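A.B. asks: Going down the list, the sequences are from chains X and C.
Mapping to the working numbering: the first sequence position 35 is 35, numbers consecutive.
Mapping to the working numbering: the second sequence position 276 is 276, numbers consecutive.
Everything labelled a hint here was simulated from the structure, so no lab data went into it.
Take the hints with a grain of salt, since some may be wrong.
Said to hold, decoys possible - Quick list of the computed label-pair ranges, beta carbon to beta carbon:
1. C/R131 x X/T247: 39 to 47 Å
2. C/R140 x X/L310: 36 to 44 Å
3. X/V138 x C/G382: 45 to 53 Å
4. X/A28 x C/R327: 54 to 62 Å
5. C/E158 x X/A175: 42 to 50 Å
6. C/E158 x X/G43: 37 to 45 Å
7. X/G43 x C/A379: 44 to 52 Å
8. C/D110 x X/L310: 43 to 51 Å
9. C/R387 x X/R215: 46 to 54 Å
10. X/R204 x C/E294: 55 to 63 Å
11. C/E459 x X/A28: 55 to 63 Å
12. C/A474 x X/P127: 57 to 65 Å
Please read all numbers here as calculations on a predicted model, not as lab measurements.
All residues carry an ideal CB built from backbone N, CA and C; glycine is no exception.
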Amino acid sequence: MNIRVTGSRRWSGPWNGAPWIWGFAAAALVWLVILAISGQGGGQTVSLALSLAPYLVIVGLGQMLVITAGPGNIDVSVGSVISLAGFVSVAAASATGSAAVGILAGIGVGVLVAAVSAVAILGLSVPPIIATLAAGLVASSITLSMANGFTAVPDPGLRSALNLRPAGVPLLALAIAVLTVLVVALLRRTVYGRSLIAVGQSRRAAERAGIPVARIIGSTYLLSGALAGLTGALLAAYIAPSADLGTRYLLDSVAVVVIGGTLISGGRAVPVGVWGAALFFILLDGLVNLVGWSTAAQNLLKGGLVLFVLFLAGGGDRTASLFRRRSRTATATTTSTGDDTDG
Amino acid sequence: MHVDNLPAGGTAPPETDTGPAARPPVVTARGVTKAYGRTRALTGVDLEVRAGEVLGLVGHNGAGKSTLMRVLAGLEACDTGTVLVHGSRASAEDFRSVRMAYQETSLCPDLTVAENMWVSSRHCLPRLGWRRAASDAVRRRLDEMFPGHGVSPRDRVEDLSLARRQMVEIARACLVDRLDLLILDEPTESLGPDAARSLYAYVRRLTETGTAVLLISHRIREVLSVADRVAVLRDGAVTAERPAAGLGEPDVLELMGAHVATPAATGTRAAAGGAAARETVAELRGATGPGLREVTLRVGRGEVVGLAGLAGQGQQEVLERLWRPVRRDTTVKVTRAYVPGDRQRSGVLPLWSVGDNLIVTALRGIARRGLRRPAEERAVVGDWVKRLAIRGGAEAGITELSGGNQQKVIVARAFASPAGLVLLDDPFRGVDVHTKTDLYRLIREEAAKGRSIVWYSSENAEMAHCDRVYVFRAGRIVAELTGEEISEERIIAVSFNEDGGND
Numbered sequence: 001m002n003i004r005v006t007g008s009r010r011w012s013g014p015w016n017g018a019p020w021i022w023g024f025a026a027a028a029l030v031w032l033v034i035l036a037i038s039g040q041g042g043g044q045t046v047s048l049a050l051s052l053a054p055y056l057v058i059v060g061l062g063q064m065l066v067i068t069a070g071p072g073n074i075d076v077s078v079g080s081v082i083s084l085a086g087f088v089s090v091a092a093a094s095a096t097g098s099a100a101v102g103i104l105a106g107i108g109v110g111v112l113v114a115a116v117s118a119v120a121i122l123g124l125s126v127p128p129i130i131a132t133l134a135a136g137l138v139a140s141s142i143t144l145s146m147a148n149g150f151t152a153v154p155d156p157g158l159r160s161a162l163n164l165r166p167a168g169v170p171l172l173a174l175a176i177a178v179l180t181v182l183v184v185a186l187l188r189r190t191v192y193g194r195s196l197i198a199v200g201q202s203r204r205a206a207e208r209a210g211i212p213v214a215r216i217i218g219s220t221y222l223l224s225g226a227l228a229g230l231t232g233a234l235l236a237a238y239i240a241p242s243a244d245l246g247t248r249y250l251l252d253s254v255a256v257v258v259i260g261g262t263l264i265s266g267g268r269a270v271p272v273g274v275w276g277a278a279l280f281f282i283l284l285d286g287l288v289n290l291v292g293w294s295t296a297a298q299n300l301l302k303g304g305l306v307l308f309v310l311f312l313a314g315g316g317d318r319t320a321s322l323f324r325r326r327s328r329t330a331t332a333t334t335t336s337t338g339d340d341t342d343g
Numbered sequence: 001m002h003v004d005n006l007p008a009g010g011t012a013p014p015e016t017d018t019g020p021a022a023r024p025p026v027v028t029a030r031g032v033t034k035a036y037g038r039t040r041a042l043t044g045v046d047l048e049v050r051a052g053e054v055l056g057l058v059g060h061n062g063a064g065k066s067t068l069m070r071v072l073a074g075l076e077a078c079d080t081g082t083v084l085v086h087g088s089r090a091s092a093e094d095f096r097s098v099r100m101a102y103q104e105t106s107l108c109p110d111l112t113v114a115e116n117m118w119v120s121s122r123h124c125l126p127r128l129g130w131r132r133a134a135s136d137a138v139r140r141r142l143d144e145m146f147p148g149h150g151v152s153p154r155d156r157v158e159d160l161s162l163a164r165r166q167m168v169e170i171a172r173a174c175l176v177d178r179l180d181l182l183i184l185d186e187p188t189e190s191l192g193p194d195a196a197r198s199l200y201a202y203v204r205r206l207t208e209t210g211t212a213v214l215l216i217s218h219r220i221r222e223v224l225s226v227a228d229r230v231a232v233l234r235d236g237a238v239t240a241e242r243p244a245a246g247l248g249e250p251d252v253l254e255l256m257g258a259h260v261a262t263p264a265a266t267g268t269r270a271a272a273g274g275a276a277a278r279e280t281v282a283e284l285r286g287a288t289g290p291g292l293r294e295v296t297l298r299v300g301r302g303e304v305v306g307l308a309g310l311a312g313q314g315q316q317e318v319l320e321r322l323w324r325p326v327r328r329d330t331t332v333k334v335t336r337a338y339v340p341g342d343r344q345r346s347g348v349l350p351l352w353s354v355g356d357n358l359i360v361t362a363l364r365g366i367a368r369r370g371l372r373r374p375a376e377e378r379a380v381v382g383d384w385v386k387r388l389a390i391r392g393g394a395e396a397g398i399t400e401l402s403g404g405n406q407q408k409v410i411v412a413r414a415f416a417s418p419a420g421l422v423l424l425d426d427p428f429r430g431v432d433v434h435t436k437t438d439l440y441r442l443i444r445e446e447a448a449k450g451r452s453i454v455w456y457s458s459e460n461a462e463m464a465h466c467d468r469v470y471v472f473r474a475g476r477i478v479a480e481l482t483g484e485e486i487s488e489e490r491i492i493a494v495s496f497n498e499d500g501g502n503d
């Protein structure tokens, strides 16, 4: 396992030029197919996709940060956090009459759940997948007890704002585009972002370079929780709070990160790619509905796609690394040498 | 067809009356060239390794040693020229009897020692019960090579110290049913002197059975004492081949094209008397813990303090304490930076460029309110790339660089930061003489600017560049040497002197 991971981690790979392009290319392809099948409303399809994709992008960006923190890091609590944050934000908004308070409450719940994960990961050295799974379980049991006899309705003002589409472009999509730019800036221009990427490449090296590894990893989980909470708050206002509001977002958030070109082994984040992959997924849903497939078939298709992309990314990187290994003095690569060559 | 019939049942020893020149060549390279893109790594190598001899191969980092080894071991095809094994064009099968022990070990960190043996020697292990066979074979081989090695076949490689990993790596290379040529790449860089001696004794026994050994090392004295012949590689070609007998270290350095560097340490070393007057920036007071017993030491401002002694006697534990001063017996008053010795595991950030790698520690100090300032960062990176003459420049990928240049980047990373105390964890292993001289000068310059440096080195000669040296044995400080007292002989004498300590 370790061999493969080190083997695929090198400075430049075949996806390094524009790894985000594939998501957009796939989205465009699906869009063309939809256009060909339905024969009408190309612009409308795009507009609809743009109003659904932002939710996936927000949670995907959080997941991307966590995955970038290096091997083993993943946040599987996002689904439960979205559901819980949906209820909490709707309850808070209807109690105070302010949509802003509702959104903040949703974010707060996300941070709280993530704090539980972070304490377990950093303090108790629980593997992240287990820690976030446990935190997610806690969140979903709270959700279930809240869902019983829940009567509050989402803030109508927020709902109509989320439905605003001046010139066919949803307002939310623009807002989340700005958020994406902020995440890009966070990764490129801040000490935190640089530290996160360094930790993702090699935790030991980052620690020796004086980076406060625990603090970076902890804040990354909190960020992911906050973004998942925000997704839940917005989604609950857009649709309606329900116990399985966030269920599909667990797989999808990981999938869009990977398809977007972010390295699954950490150390390279591609925020723009999350957009391309999210649009691809939303359009794919549309296409599958158009053709009339069942939800089960949809999930099968998506799971297969993720595996396919991982295969391409891993396989591509590995073949490339074989070439590169031959094209470099041995020092840099011998740690990762599959040593059966000289045996 | 078994792995453990070596060296006893190897090929018949060559007739002792024939000189080395008359022995048949095992591997022959003729006019070998190899280019990677624009870089011409080998420009035309002619080299013969003959049965039963130890051939030393020396040259600067970047001279093409690594590439040549890989070509000789059949891991890479050459662009032009030929590689012959036993006088005929080599096929993959022929290369099976050519084995290589890497400097940066090729072991899988997640597997146990025995499992690693299977990875590289499975064609000579039984299908069933291979684990037992591999365990027995590797234990026997390790016992032969490094008595008292302390490695169990069931240990996970990741949990082994660098020295033990190196032992396993060398044993791995020797585990084969038929060994014609053994290539050792910097085998002793992470071994202690004892293990190095055992290794060379084994090499001698191996050559008596007709196996050829190709030894690559920066430690020229070591090469001269072990090798029968020495080949000098320079700019991708063998520029000299001499019998080792009668050759001195300065001769070899001259052949390598180095202007012979005399240790200029004494001139630059600060007056020894000043040490006591310096302000203390870090100290350990009677520190006791795993690997440490009652260690008391202090570091003054602008002082270069050496931690010497045999490998693994508590020096790294001291560095660890100073790096993370969490216990009450440790005080560090200034910010710290760390230069790791294990550069692959704890140094290099592989996805980044030279510049990114260099600035990662300093950027914290340069940034304002958590926001980076790229222009200032670029200026710092540019300065350091120029100052240490890092090949490839700031934009090159770190993994594209040779080992020595990578190490320069890691050293620059620490010194580019504003840290008042720089901890060096044996960072100059496997670095060529030229680079080392540059880095020694850098250390003295930075100390003169008021930085304190704590320097652990397994190479005692390096300690001549320190103001003060603590010699460690079994987790204790057994001697403190100052100024003129510091010499390789003195350190060795103290580290081995059983009366000096009290265990």
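A.B. asks: Going back to the hint list, which numbers does this structure go against?
C.D. replies: 6, 8, 9, 10, 12
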